[in-house]
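Asker: Protein chains in written order, with the working numbering: chain A, 317 to 646; chain B, 66 to 505; chain C, 3 to 285.
Simulated from the structure, these hints should not be mistaken for laboratory data. It is possible that some hints are incorrect.
[Unchecked claim] Partner residues are not named here, just some residues of chain C that face chain B (Cβ under 8 Å, in silico): (1) T114; (2) T125; (3) M127.
Keep in mind that this is a model prediction, so the values were computed, not measured. Think of the CB as a built atom: it goes at the ideal place given N, C-alpha and C, for glycine as much as any other residue.
Take a look at the letters that make up each chain.
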Amino acid sequence: MLKISTAPHINSPQDTRSIMRDVIIALMPALAAALLFFGLSALVVVLTAVAGCVAFEYLVCRYILKIPPTTGDLSAVVTGLLLAYNLPSNMPVWMVLVGCFVAVVIAKTAFGGLGKNVFNPALVGRVFLFISFPVQMTSWPKPDFLNFLNADVETGATTLGILKHIDAESSATKLAGGLSDLPDYGQMFIGYTGGCIGEVSALALLLGFAWLLWRRIIGWHIPFYYLATVFIFTSVMWLHSGNIQVEPVTQLLSGGLLLGAIFMATDYVTTPMTRKGQIVFAVGCGILTVIIRRWSVYPEGVSFAILIMNAFVPIIDYFTVPRVFGTGRK
Amino acid sequence: MSNKKTFTMGGIHPDKHKITAEKPIEDAGLPEIVYIPVKQHIGSPAKILVAKGDKVRVGTLLADADGIVSADVHSSVSGEVLKVEEIEGEFGYLEQMITIKVEGDEWEASIDRSPDIIREINASPEEIIAKIREAGIVGMGGAGYPTPVKTTIPAGKKVDCLIVNGIECEPYLTADDRLMVEKAEQIIIGAKILNKALGIQNAVIAVDENKPAAIEALRNITRSYVGVNVQVMKTKYPQGAEKQLIEAVTGREVPSGKLPADVGCIVQNVGTVNAVYEAVQKNKPLFERVVTVSGDAAETPSNFLVRIGTPASFLINKVHGSPDKIGKIIFGGPMMGTSAVNINAPITKLSSGILLFKDDISFKPEETVCIRCGKCVEACPVGLMPFAIAAQVRDGDYHEMKKLHVLDCIECGSCAYICPARIPLLDYCKLGKYELKKSK
Amino acid sequence: MSALIISNVLILAGIALIAAVVLYVVSQKFKVEENPKIAEIEALLPGVNCGACGKAGCHAFAEACAKSSAEEFKNLFCTAGGQEVMNKVAARLGYVAAAREPTVAVLKCNGTCQNAPDKVIYTGMKSCRMAARISVGRSGCPNGCLRFGDCVRACPFGAISLDETTGIPVVDENKCTSCGACVRTCPRGLYEIRPKGKNGVRVYVACSNTQKGALARKNCKAACIACLKCTKICPEIRVENNLSYIPPTVSAEEFGKRLAEACPTGAIAYTGEKTSTEVKNEQ
């Protein structure tokens, strides 16, 4: 029998599942870096988070919503990976699962599932854990190259934590002592520094970014404007005050900025639809990140900045409607 | 080259599949029976002049244009009129058609069948338009707007630019491409004829950069013609859409709800321009056209010179498409073409291609949820927000639909092509337009 | 410490008080005086804003009722609410409601999956209105039901459902208020609002095909072939455009069974007792 259908009769090779698969591939270099620096405990957290997110989504679809499970689109895997990347590698498994529950059940399916959630699920999970279990969430194992079994790993602060510490104690001697703990640019770039699983290695994240760009999954706009805003904002402050805390290169390479800018501020669902809107969103994220890092009690502000801007997405979308061809141009 | 142009808003890059680009135009030959619809254009159907049993020759007028927006229909074969009645068309709806049994190949004596190219343009502008009307020429790119109406500029408007549309941005189709390669000079003379009719000096032939042979062929000849230039365009879909092409070539934007003539432009498809040449210089009415028959279920895809009214099944046999392998038959390109219900539906003046798809790509994928990726907004060449239109159409909110400019949609299908969630966004836009027009 | 608590409580209470005063003043100042009858009438209406009465919604209808004179009121009728609601509204206003016969929507097509089997496979958006645009429909009948249920989605009362075996929509006459949403939605115009008939007994032609008999039969076994047999039973029945039409004035009780039994294709639907052919088919 002949088939009939409405035009167009062909589709782009990209579908939701292939996009999610590409994001997962883009996240793999960061996982490799985490394995090298934090050992198998990182893998445990990552696998727990992925399994937890997929399982929660499956269970909710199957037994609460009673719809065919949507786990096939792989979005739960991405949520799990991103959540794990935002956690320290020594996070207890049960806490990871609590994070998965909050991310998938509360932040995603309760809003109506993929495409309807207002806030980035992985970030909601992370912030929930961050506020609920501040001790576990702020003691990061120091990187220990190729020590897979994690024997006798010390914990320490992240680069941003050290900087915040300096701020709190203004005496000159202590400042010098704190500074010696700071990693150099090279260490920060390859990821030999304390921090969450997926955020430490700028190199690995940039590799992932290159993959996403090459596969045309995301545009360069959001990461570029986000990072540029942070860079310019901190540069102005640095040049003005000479304060080591806002030294722009360290600000770019440290904390979850790259992970957030490349993978979380570009999440389709929770960011604006139009180019113009995306730029507004990215600049807003950048300004909020610096403000939170500099003036709040928290050393890191990427998650909060993105979540706050997520809330503004409907308003941004409302004001950045594209111009329709043949109207309004003189 | 630095001076390649393209339109600014949106656009997509579907896989080209131009597998027949190297295939010369073959004469498809004569089928046993042709079905000639009396409405192959926008406007009122033509008035039928023949009756059952009449003998006709190639080029005999079968039906006369009824009103200004209408077009003459000529016989494409010689033979006997079998019946004049409603027959199932492409979509299965009944359409008024003239069925002719083919006997021999006798042409009307007035048609100049010699292969010589006539370069001298002797006809006056009025004569040119009259000849175009008598030849029943309509926009052969797919719109089917009668060409004489388009060439008559409304009072108070000034046209300064003729754009010959050789873009052919739809995947698979190569009919216009081959026509430009093989009939380059005819097209250029046709453009000069239209220039004369419009009273202007310049014509631009816009060709996508992915047709190097056509560009080469046209460039070789434009050297000896003043005022006709070839403009190479950066390949992007839907460049061949009238308003997008005008913007790409001239930078002028046709205001919403206005016509190209409002910004001083006239766009004609290369097929139409070739038909104009043949009508004015050779006295030949529009009764045959180049059709690409392609797709993955076609064994020997090719470009054919086909008599209007030839059943699609005749061409399908020519490319050895076996009926059990064909999942879908598309009239036109894969982006905007229509899938046919009836395998015997005739080729019309507007059929630029017939695509045969195998079963596996004939099914439309299931619609899933919108992931708000914004790709449809990015792809829309008109700057619409298809995802938002879809949401309003689902809710039936006409007021909001209007605010979203759904009536400006050119139905190019870019949004539905690009959507990773496989939402039939174009269907929603079309439904929105339909509902909006109905509610008025 | 306690001072802190008290001051906090006082501040909050103060804010609440100020807000309450502002809200009260504003609501009084901008209050729109409305005929209290309107609200009372609106409470009696079904409240689905179906628009079948010709007004913009239930509120607009209530307004029109409240304003109307006894004579004007006779022209107002809430289709969805029916006689019962209109009697209540009339009682409230002290008028008499016009008596109208209860009506119901009927589908003038019997192109079931069995009578009019699929000839092509339609893939894509499941919408009758889209399917009608790109093709004659999967059964091949240019006037028949497309079986994608746009009417099901359009019905504000949930009275229409697609029958799983036949594929065509079924109207639940107890839920149908004859608001006309299906009439407006169906791209083929297959719905007609007809009197419910005594005891729900109706007779009508369940076909809309205007093709000649042979063509119509090619696509659908239950097509009206304009054989004129029905016109011989009841001269009121008209056949135009190769299609028979039974006016609502034809008594279903008197002619219904005979008409249904006489129709050679079964295009005449009769909702009364089973016809002999139906009984035979079931056996």
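Asker: Compare the structure with each hint and give your call.
Answerer: Now the hints, each set against the structure:
{"no.": "1", "hint": "T114", "in the structure": "violated, 19 Å"}
{"no.": "2", "hint": "T125", "in the structure": "holds, 4 Å"}
{"no.": "3", "hint": "M127", "in the structure": "holds, 4 Å"}
Consistency note: the structure conflicts with earlier hint 1 alone.
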